[in-house]
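Chains as they are written, first to last, in this note's numbering: chain A, 1 to 291; chain B, 1 to 255.
Errors might be hidden in some of the hints.
To be clear about the criterion: a stretch of chain A counts as covered by chain B if any three or more of its residues have a C-beta under 8 angstroms from a C-beta of chain B, and this derived list gives those stretches [as the list claims (entries may be wrong)]: (1) 17 to 27; (2) 149 to 156; (3) 179 to 191; (4) 214 to 225; (5) 271 to 284.
Rather than coming from a laboratory, the hints here were simulated on the basis of the structure. All residues carry an ideal CB built from backbone N, CA and C; glycine is no exception.
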Amino acid sequence: MKTLVVAERKDGQPRRVSLELAAKARELGDVEVVEITGERVSAGAAAAALATAARGADLVLVGATAAGRDVAARLAAKLGRPYASEVTEIEPGDALQVTRSMYAGKVRATVRLPLPAVLSVRPNAFPLPDGAAAPQIAPLAAAPEEGLSFVRFEEAKSAGDGRIPLAEARVIVAGGRGLRGPENWKLVEDLADVLGAAIGASRAVTDAGWRPNEEQVGQTGKTVSPDLYIALGISGAIQHLAGMTSSKVIVAVNKDPDADMFKVCDYGVVADLFDFVPKLTAEIRKVKAGG
Amino acid sequence: MNILVCLKQVPDSTVRVKVAPDAKSIVTDGITWAISPYDEYAIELALEHKDADPGTTVSALTVGPARARDALRQALAMGCDDAAIVVGEAAGLGLARALAAAVRERTPDLVLCGRQASDDDQGFVGMALAEALGWPHVASVTAFKAADGGGIEIWKEIEGGHEVWKASGPVLLTVQKSAKEPRYPSLPGIMKAKKKEIPERALSDLGVDQAGPVAEVVAMQPPPARGNGVILKDADTGALATELARRLRDEAKVL
Numbered sequence: 001m002k003t004l005v006v007a008e009r010k011d012g013q014p015r016r017v018s019l020e021l022a023a024k025a026r027e028l029g030d031v032e033v034v035e036i037t038g039e040r041v042s043a044g045a046a047a048a049a050l051a052t053a054a055r056g057a058d059l060v061l062v063g064a065t066a067a068g069r070d071v072a073a074r075l076a077a078k079l080g081r082p083y084a085s086e087v088t089e090i091e092p093g094d095a096l097q098v099t100r101s102m103y104a105g106k107v108r109a110t111v112r113l114p115l116p117a118v119l120s121v122r123p124n125a126f127p128l129p130d131g132a133a134a135p136q137i138a139p140l141a142a143a144p145e146e147g148l149s150f151v152r153f154e155e156a157k158s159a160g161d162g163r164i165p166l167a168e169a170r171v172i173v174a175g176g177r178g179l180r181g182p183e184n185w186k187l188v189e190d191l192a193d194v195l196g197a198a199i200g201a202s203r204a205v206t207d208a209g210w211r212p213n214e215e216q217v218g219q220t221g222k223t224v225s226p227d228l229y230i231a232l233g234i235s236g237a238i239q240h241l242a243g244m245t246s247s248k249v250i251v252a253v254n255k256d257p258d259a260d261m262f263k264v265c266d267y268g269v270v271a272d273l274f275d276f277v278p279k280l281t282a283e284i285r286k287v288k289a290g291g
Numbered sequence: 001m002n003i004l005v006c007l008k009q010v011p012d013s014t015v016r017v018k019v020a021p022d023a024k025s026i027v028t029d030g031i032t033w034a035i036s037p038y039d040e041y042a043i044e045l046a047l048e049h050k051d052a053d054p055g056t057t058v059s060a061l062t063v064g065p066a067r068a069r070d071a072l073r074q075a076l077a078m079g080c081d082d083a084a085i086v087v088g089e090a091a092g093l094g095l096a097r098a099l100a101a102a103v104r105e106r107t108p109d110l111v112l113c114g115r116q117a118s119d120d121d122q123g124f125v126g127m128a129l130a131e132a133l134g135w136p137h138v139a140s141v142t143a144f145k146a147a148d149g150g151g152i153e154i155w156k157e158i159e160g161g162h163e164v165w166k167a168s169g170p171v172l173l174t175v176q177k178s179a180k181e182p183r184y185p186s187l188p189g190i191m192k193a194k195k196k197e198i199p200e201r202a203l204s205d206l207g208v209d210q211a212g213p214v215a216e217v218v219a220m221q222p223p224p225a226r227g228n229g230v231i232l233k234d235a236d237t238g239a240l241a242t243e244l245a246r247r248l249r250d251e252a253k254v255l
């Protein structure tokens, strides 16, 4: 089987998900890794540039990042090939069987796709073997798309402070209404800092304007599956749970012992978070320092 | 400006989804149906544009089963000017082609879709519709406005901020979220919506090719059960913190 991996870079380095996909593709057979060069290339322009390379491949894999999902869908449509998004498992064969979630994570579906096909794959779905050889990435130039031009970038006021994007993070610390106000987010940030974590939020928090929309986890926000998800003061509405219950380890901290988050967690702490979280941050700092 | 919003009727997001005995669909008996959440944001964005510029018309369109008429009625009650349904079952590329055929009859300046439907969560049909129309698209949009000197300025949410794009001609946007929550229908809106005709056509009348390779759901199951977690409580918070950090390091091995 021949697989085309569409790689993405961030800060000059290939994204981790691109490396995960290249390693997975090598397991499946022959692999070619390409990337679109140039700044601010529209999805349509990227899909057009990829179409020729993709026609020779049985399978196209794209990381399910914001940009990747966009390009993958347009490319599948352009090629007229079956497509599945945010895939978490791939079973090879004459037709692929893939696993993906539906109904905002309330259902796990097995989807059959005749080859050739296009998939976007969720970050962290496949392990990155230690010492995996860095793939050769061939550059592909894209021509501008007719009728659409880039104007400018507007930075978000409370932009991620250089943190890892939520969807790709291995560790996430998320805050809910239990934090009582945006002025208390330092608690979340300090814990996230010692863990090297991304910051997430419940919908109640983004709707109240305490945190930017892009931090929202759950239905109408991001679906995440990090190694560790720490929920601080999040009661666990079904729409939020749908977006994070595929996390490997879930920690819930809440004053209310009946919070639904405790029903899905691996470790729950019933405590006042204003008292508990600084102590946890200090403990984890000690553990990280080898104490 | 003429805006067309394509929407899908899906199980309401507060519904507890249950896998049916055939293990490849969900139980739909007694389910509450609603407009897919991102499609509601798309309607809201379109209506905000109409509020600011009364010369705007906002139309709603769906391809789906007859029950999806209720979703259009809701869209009209929110303030859309007109709505139309194409009755039939289609998915993926076939659905995009059907929508494209219906869009072409209307010549809108702008087509809005939600960024993904909350049932299959694919995020495909919007892009596939743009491709079928031969239009550019911009995904994950949170705002748009008519640009000075013609064209449409579009705000696309990306990591760390927004990219602003400009479309000089017709364009398709997939909507991420509007700044405001989707409006509730007003009582006069509901009364007006009741009186409006919703023209109906059969999918088979569109003469659209439904053939081609498709992704097919062959099995569904509930996500792996979670729970029976270790609950730490009734102790000094310092002791709880030490205990949790130890378990995260030694048991869960995530530190």
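Which numbered hints fail
Violated hints: 1, 3; rest satisfied.
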